[in-house]
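Chains A and B are the protein sequences, given in the same order.
Numbering-wise, my numbering comes out as the position in the first sequence, counting from 1, plus 156.
Numbering-wise, my numbering comes out as the position in the second sequence, counting from 1, plus 94.
No lab work stands behind these hints, which were simulated from the structure alone.
Cβ atoms here follow ideal geometry from the backbone N, Cα and C, with glycine treated the same way.
Relax, there's no trap hidden among the hints.
Residues on chain A that point at chain B, a partial pick, calculated with CB under 8 Å: (1) R276; (2) G296; (3) V323.
So the derived label-pair ranges between C-beta atoms look like this: (4) B:K295 to A:T488: 21 to 29 Å; (5) B:E147 to A:C304: 16 to 24 Å; (6) B:A150 to A:A420: 47 to 55 Å; (7) B:Q229 to A:R362: 29 to 37 Å; (8) A:H370 to B:A150: 17 to 25 Å; (9) A:D423 to B:G294: 51 to 59 Å; (10) B:P440 to A:D399: 49 to 57 Å; (11) A:F361 to B:E147: 41 to 49 Å; (12) B:A376 to A:D365: 49 to 57 Å; (13) A:Y427 to B:G294: 48 to 56 Å; (14) A:H370 to B:P122: 24 to 32 Å; (15) A:R356 to B:H367: 35 to 43 Å; (16) A:H370 to B:G439: 45 to 53 Å.
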Amino acid sequence: MSPSPKPSSNPALAYGTGVPPDLKHLHLEMLRIRVIERRIAERYREQEMRCPVHLSIGQEAVAVGVCAHLQPADKVMSAHRSHGHYLAKGGNVRAMIAELYGRADGCCGGRGGSMHLMDRDSGFWGAVPIVGSTLPIALGLALADKQCGGNARTVAFFGEGATEEGVFTETLNLACVLRVPLLFICENNGFSVYTPLAPRRSPDFRFSDYVRSHGCHYFSGDGNDVEAVCRVTGEALAAMHADPGRPCVVEFATWRYYEHCGPAQDDHLNYRNQAEIEHWSMRDPLAISRARLIAAQPGLEAELDLAEQRQRQDIDAVIEAVRAGVRPSPETLPRGVFAP
Amino acid sequence: MNGSAETRELSFAEAIRDATAVCLQRDPRVFVIGLGVPDPKGIFGTTTGLASEFGADRVLDAPLSENALTGLVIGAALGGRRPILTHQRVDFALLSLEQIVNQAAKWFYMFDGRGGTVPIVIRMIIGRGWGQGPQHAQSLSSWFAHIPGLKVVAPASPADAKGMFIASVEDENPVIFLEHRWLHGMRGPVPTGYHRTPLGKCRVARTGGDVTVVASAHSVIEAMRAADFAAAHAHIEFDVVDVRCLNPLDFETIADSVRKTRRLVVVDDDSRHCGFAGEVVARVCEAGLPLMAPPVRVTWPDCPSPSSAALAEVFYPSDRDVFVAVGKLVGRGLEHATHFPKRPGPVDVPNLEFPGPF
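One chain only, chain B, in its complex shape (with noise of 0.2 Å):
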């Protein structure tokens, strides 16, 4: 990676936080704007102290306007500077899909590169648990993945969450970072100051011959957690791909884990129907990579995700029900399943320290 072999225990948001700092330390076209991003709450620690430290011109509280503000972005963008915008749930994002589908995404592109370029990041959070509910829990990543133009990066890991999040105010392009709400509070070794991790690489979690399990972001936790109960009491070796980057799509580390253990499990936090879960898979199948038994998505039903914790405790897959995919596809350790440890505290909260409401 380019930058600091140091490191420190960061959160998650802490990392972001860091690499905002980061940003607007080294560039001053840097700016941050959207709602709360100055307030007291700094959107779940993720800006907390910016505009104390770069000034409110700088970190910009807004009006709600999610539409203007991206095509405001978009402007300054095209003028030279290089804006990160910010949303607090993805769900608020879809009122700007206007100037993100039609306008960031087609830029470069429409005008044949003499538009200029949008180096724009927009920040947009899923949300999870205590009752979120069905507009404040979407993911839609595979939405945004859909378009060309766009590139869509959702880290799982506070080292990635600086390092992409750097790339991504580096980038040229539009890029929508989607930060899973339950990772917010996970901790995990940070490099310090500048630390930039390359966009469109997917990262090997974990190594095994048994199985290749295809997560991001959350889902890397999910399929991490299965994947260690699966070694610990089944013999059973996951490769987790951790995709960090849903477009551009390094499909090739895909390709070679799958090449090696001939079966397949995507992990995808996110609607089945249409979803990036069948894009890996229907990749592999086209690729003609010989599979030993047909590859499984492990997915949202496909409803909304609903508020109450006794249904969302069945909307959500878990870590025991990757575990029970791979177990079926491998074909042997299902009988440990009913051993297969709870999570402790309730099911809607990411751990016993998540406070609520949101």
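The shape of chain A in the complex, shown without the other chains (with noise of 0.2 Å):
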């Protein structure tokens, strides 16, 4: 028996609802993943948030386009760039700003940092730093929901730098051979650090093929363009639906504006070509889906400026609350290191 789709509450919700995405609805999540983001980049300099941080500013298309057709209890996980996901997916925001100032209301308790998000309620079941590493968990989450006749998705969201682990590619056989309905979701934003594609893959490389050899599905988009991304997971959702238990992989185009980790922009280190540069700067996700929703509603531009305002005012309300909050003692060390 497969898994009939499922109505959606998220008015952006394409899938399965025959509603076509909301382009102003996406595009207001995006804004306030990068409001976010921006503002964790601006007050990183005080130095009160000790945790490196890896934003996401310049991929939120592809959080905010798969997460649009997710429910709550449809599960996430994702990996060292994580912000988008895990906000796209409806994570706490404040447990997230928490988590970065290394406060106890953190989503982690103030153990993990940025690195390691948590939100099981919103169905963010977990991010860790290790490349490739949340992919196989993902897949167990999806198993145990087979198991249990569940109808839940899984989705794990990973760079292409994770298709260079082996674990990649035993996740993907694993899938296959189990029969284990997992969206791969891939973020290719070129580069693994400073370390671009060249030096990582054969010319002769090609990701599809890969993937398809496995026996599993695989589609591809822009992944700056949030309505496409909706679109392409809406094309990937209904391959899956059609044939149960066959996995499937979307790679996305992407960039990421800021450096790998930190809070500033690396261009001047010339580790990634200017041309290059200057083809993503056209592609801002946000400018792109600012521009036709500007140019269907001419006059949105003020509503969306007044939004893009209440949300830099929410962000700052809720770090000044986190920087009043404490942090966890030290009496708390020990505590779980074997759960009871």
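With the hints in hand, could you dock these two chains into one complex?
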């Protein structure tokens, strides 16, 4: 029996409802993530957020476009660059910010920092910074769901660097062999830290062929166009629905505007070529969606600007509330090495 | 113990199979996965017939992919299942250290409990003999015991194999379940039905006043043979403490024994440097327990385990080596070492019935 697509409470949802994605909703969601991460970048310099941060500025469309299809009961896992996925899945903002500030009310009680996010209530089942590491764990979640006869969707976000890890191939194969319908979402931003694809892949490498040869669906799309992300993800989910048990990899081309890790832009380091930088600077996912919205509805500009202003106030209020919060008390250090 | 008082005679391997069947029977969340689990040899008889009894959905064969399989069972556990993952050798599990150390061991702690628990059992078999060699005969128990968040179990008797296996499956934490290959064929009384032996408690396998001999897994067998001989020939009485669980460690039982005997020998089937034997010695010293003589470690030398029987014979400490170590420590009985009985048959097999090849 194949699970039937569920109607969504998310107004942006396309798949399973027949409702076209609401671009304004998608745009505002991307904007919210952008505003939060920009604020993190700005306040990072105060050196109160004392943990490595990997900002997803520039990659918001993938997070938002994919999560628009998901319900709270659906499960998402991610890796080191996970703020966008966490937020797009509905993760608690305050708990995330508190985690960055090392506070007791952080989503991991201050034990994880930016690279370890968790909010199971919203369906975000964890992010860890070992590249590729959550892929098999996400597969296990999906297997558990299959064994229990559930129909939640499980999605694993990862960067293209993860595909160079053995565990990616192991997981892909295992998913196909066990017929577990995991949706793999690959954000290909072209760089692993400072290293481009050339030293990492043969020029003959065809990711689509590689994925398909394992028995897995493969789709690809423009990761900077949130409507494209939404559409391709919908196609992927439909293909999975039509062929229950077959996993699917979706690869989105995208670009990060900030450094690999930290609060700054780093194009002055010249590890990315100027033509590429210029190409992607014209393809800001927020600029694309904003231009479309305004073209369709002149006068929307003011509303969007106001929304952005409110989002800024919201995150500032969260940050101030978090800063006033308490740090984990020293006596909690050994707590939970073993579960009771 | 929790469970049945009735026993029947089983081998250690049969006891694990029995325990697995009990877990599969009692808890629909339990499943077993690993290369060869449903194959004709059934992981040395530890999984034989389980697939036909419980179905291919619960007793699964798998690709070799040790690392992804470990992640898979972690995720399945987070999703509410109780998986058992089997590796035919400890050495193969090294391919999954990332998932074991970074994820399974830390998940509960690093998400401050909000990530859920990881109730998984990872079976690993310590090879020995018949030329297993450098990459089929490692123990590495100290490695695993070094990682906060991993429980490390290494039983020595069929009854404990069953009781601790069931306790491991029921535990909310990741458990590394170490089975010495030479124990698989050893027989003993095993409680029937549900039988649970709590983790984290040593077993005093023999009581005596002259020396504390701490051991685990197959080392217990060597220690008990040495103890029998020492009692019969040299009037030296061993207190043999079978550790059973390296983490969490029941140090109190060891300390109680050392307070009584004031002599300590630790027998550890593993390398010496930075090993478990050193940990026990350090804890005894730190606790300031009075000793009549410096403590002694009987371990593998710090070199890889070689294949040739001629080298393996000197690599593995024997029951006689334990006896000699104790004799030196106690200061008597060493004249009996020359007539310490050799095990019948070749030195590279656990018993005369063992046919090889692994």
